[in-house]
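Chains as they are written, first to last, in my numbering: chain A, 1 to 133; chain B, 1 to 748.
Straight line, CA to CA, 27 Å or less: simulated DSS-like cross-link-like pairs of lysine-lysine: (1) A/K2 to B/K740; (2) B/K740 to A/K63; (3) A/K2 to A/K63.
No lab work stands behind these hints: they were computed from the structure.
For clarity, every value in this text was computed on a predicted model and none was experimentally measured.
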Amino acid sequence: MKSLILTTGARTLIALFLIFSLYVLLRGHNAPGGGFIGGLIAACGFAIHAFASGVAEARRALKVDPRTIGVTGLICALIAGLMALPFGVAPFAGIWGEIAGYKLSSVLLFDIGVYLAVVGGILTLIFALEETL
Amino acid sequence: MAIEASGYDVGRRWGYLAAVLAALLAGWFATLLPQVLAGSPVLLTWEWAPPLGISLGFMLDGLSMIMALLISGIGALIFLYATGYMGDHPQFGRFVLFLFLFMLSMLGLVLARDLITLFVFWELTSVTSYLLIGFNHENPQARRNALQAMLVTGAGGLALLAGFILIGTAAGSYDLAQILAGDGLQGHALYGPILVLVLLGAFTKSAQFPFHFWLPNAMAAPTPVSAYLHSATMVKAGVYLLARLHPALGDTAAWTATLTTAGLITAVLASILALRQTDLKTALAYTTLMALGTITLFLAGGSPYALTAAISFLIVHSLYKAALFMVVGAIDHGTGTRDADLLGGLRRAMPLTALAALLAGASMAGLPPMIGWIGKELLYVGAETLNPSWLLTAGVLLANALMFAVAGVVALRPFVGAPGQTPHKPHEAGWQMLTGPLLLGALGLVFGIGAGLVQPLITVAVTGSLAQERAAGLHLWAGVNLPFFLSLATFALGTLIYLGRARLRAAIAALLDRLPQFDPGWDRFLDGFRAFAAWQARSIQTGRLTDYLVVSFVSLALILLASFVLRSPAVGFDLSAPLLLWMVAGICVAGAVLALNPHSRIANVAGIGTVGISVALIFIIYGAPDVATTQLMVETLSAVLFGIAMLRLPGIVERRSRSRQIGHAVIAGAVGLSLTLVVLAITAHPLDRHITQFFEESSYVLAHGLNIVNVILVDFRAFDTFGELTVVLLAALGAYAVLKRRTKGARK
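Please model the complete structure; the sequences and the hints are all you need to start from.
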């Protein structure tokens with residue numbers, strides 16, 4: 001099922017989906033958004049790409065195996081959780097700091113972890129289904 | 001070959017390292033002796049799970065000190081022994097690791113201050129002993145016996161956990177120091193269940209009748225393991241626990257009756273069974289049972305004499321039994337057999353082993369001036385204070401006499417007389433295998449002559465840990481009294497049994513053959529259990545998705561309807577919704593109807609998607625953009641996944657009967673009805689806003705974020721989110737594995 005319209009449109013759409021997913025991820029702390037939604041959006045983008053150009057093409061575009069992405073996300077979240085340890089507070093408590101005027105926190109790393117885990121998990125499933133069924 | 005040889009040397013090095021570490025541990029405990037002897041236990045506690053009142057706590061008092069010194073001291077000798085005994089085994093490194101883990105678990109068990117800490121280490125000893133008994137895992141008998149030991153002690157462990165939780169409830173704390181310092185639980189309403197559960201745990205671990213059958217089978221383990229776990233340490237865990245909890249649970253009619261009965265039966269039964277064996281190691285295993293029974297019997301009492309006897313005998317037994325096991329291992333190693341009938345005259349070929357056997361055997365037989373003599377005298381003094389004293393004194397006398405005879409069979413018989421017919425020419429063991437038995441045998445002598453050396457520790461254990469006013473004295477010569485005459489009677493009776501052992505053995509064998517056997521019964525029980533489990537799995541796990549869905553949905557509907565009927569909450573109908581909402585509801589219903597289409601899968605997928613998207617619309621109308629976006633994305637992706645899966649399935653062919661279709665319609669209707677009723681009941685109540693209010697107030701103050709939903713996800717409930725992420729990823733990886741395996745299988 002190759003459609004020229006979908007293939008051409010997908011190239012633009014995937015870029016839009018990815019940029020928007022990052023935007024949603026980063027604004028999530030104070031405005032509607034967050035890692036979970038961002039991850040879902042990014043996964044949708046790659047799903048479209050997989051339908052338009054095939055899973056092999058989508059895997060090439062992704063460069064990294066989605067399983068690796070998912071596990072990386074989980075590790076990010078775990079590191080964010082363990083960052084509380086040296087500060088003597090409970091695991092997964094938010095640690096905040098300021099670098100060059102920008103507020104940074106372990107919470108952001110955690111949210112990025114959520115994003116990556118969601119993207120990795122969903123794409124693992126979709127690619128595998130699409131390849132085997 | 002050269003590589004293999006160096007590999008073995010590496011294994012040996014681990015053995016020496018473990019021995020040194022264990023010796024260092026023993027030395028460290030010894031440096032704490034002055035403080036413990038002064039009557040102030042060493043306490044150490046870390047918070048573990050404060051909301052549950054559980055801590056990782058350790059306590060070193062008199063009783064713990066005795067156990068800790070035995071475990072680490074004998075442990076060091078065992079590691080050294082094992083290096084000589086099986087250092088060339090290709091998997092010796094693995095063996096040392098298991099044994100070391102066991103030693104640490106055992107130390108944790110006897111040092112635990114917190115009941116839950118104690119339980120965790122208790123289970124660890126069961127697991128590590130499973131690995132050790134089954135070390136020769138290519139032998140099916142070893143695997144079976146390891147599993148038997150694990151199942152028996154594991155089942156007891158479960159009972160023990162329940163008992164500990166009840167103790168925690170009754171005493172209001174899991175802290176042993178606090179529980180033991182309290183008034184005791186003897187008068188508490190939960191005392192009955194606590195006693196039953198704790199005794200189940202202790203009796204299975206210490207192999208008390210009727211759970212005694214696993215211990216002799218555990219001799220499938222390599223001899224160093226038997227010498228360590230099944231004489232000096234693990235099986236002592238049960239009696240240690242009984243002693244530990246004696247102040248809180250002891251001195252009641254139920255305690256005394258149960259411990260007396262189980263202890264006496266175990267002691268007498270085991271010493272009779274021991275005499276029947278010709279395999280030296282199995283004979284020793286049964287005498288271990290006898291010793292454990294005796295200790296249990298004396299812990300039944302509440303007098304300083306009985307308790308001093310129990311603690312002293314625990315030490316005495318550990319010293320000589322570990323030594324004798326090592327001697328038997330050395331005989332096995334040096335001659336290729338441990339059959340008593342084949343051995344004889346080994347004193348010339350193995351003089352040092354013979355010396356160790358003589359020392360340990362004399363202690364076991366209770367001959368002066370060994371510590372075994374003092375231990376036996378104390379048993380008779382203690383037996384006078386037990387009730388009914390004549391019966392128990394007679395029982396102890398019989399067990400001691402049999403023990404005397406078995407000591408002759410194990411420690412004397414192989415070394416004297418004419419040389420036997422051994423599989424290979426006897427040779428003396430190496431220094432690694434001789435250090436342990438010689439040292440432990442010599443200690444039996446030193447502690448016998450210098451009983452004052454161990455008296456302070458026993459006193460502090462009896463007066464401190466067991467909460468007695470005083471302890472009985474350990475004397476090599478206590479005067480001409482009843483125990484003295486009983487000792488003489490023991491020797492006389494023991495000599496008679498030793499001389500007439502051949503006839504007795506035949507008589508016992510003839511008698512036992514008529515009695516029901518434990519082991520075949522155990523195997524039948526296990527087979528029956530497996531068959532039941534298989535039947536149960538087959539009937540529940542049909543492997544048909546429809547069946548699982550039917551069960552899930554019927555349960556859901558029943559639970560909801562039942563709670564609805566039982567509570568009969570007010571149900572409110574409020575039809576005054578804006579027109580927009582009615583339109584969305586209309587779309588939703590239309591989607592649901594479309595999803596019911598029995599002929600087209602794409603219609604089903606589209607219908608379900610429509611329902612989901614109309615729900616997202618409702619979220620938007622009520623001002624929840626986060627939830628709406630998430631819902632929209634999830635719906636999109638679900639439609640994609642469904643699409644991939646369902647559109648590639650063959651077309652719908654209706655195979656279900658009419659009655660099944662009606663049944664499924666009823667189930668679906670019941671789920672819909674019950675969910676609707678529940679939603680109506682919930683919306684009839686005013687919304688409880690206090691949780692919402694908390695997050696509205698604290699979101700920015702505590703978590704520096706304005707988006708409450710996200711702040712809850714990544715900060716307030718970050719640990720939950722982490723768990724969910726793990727689940728999501730594992731589910732995806734699981735599905736990936738199943739899908740990929742299927743294709744590989746299809747290709748084949």
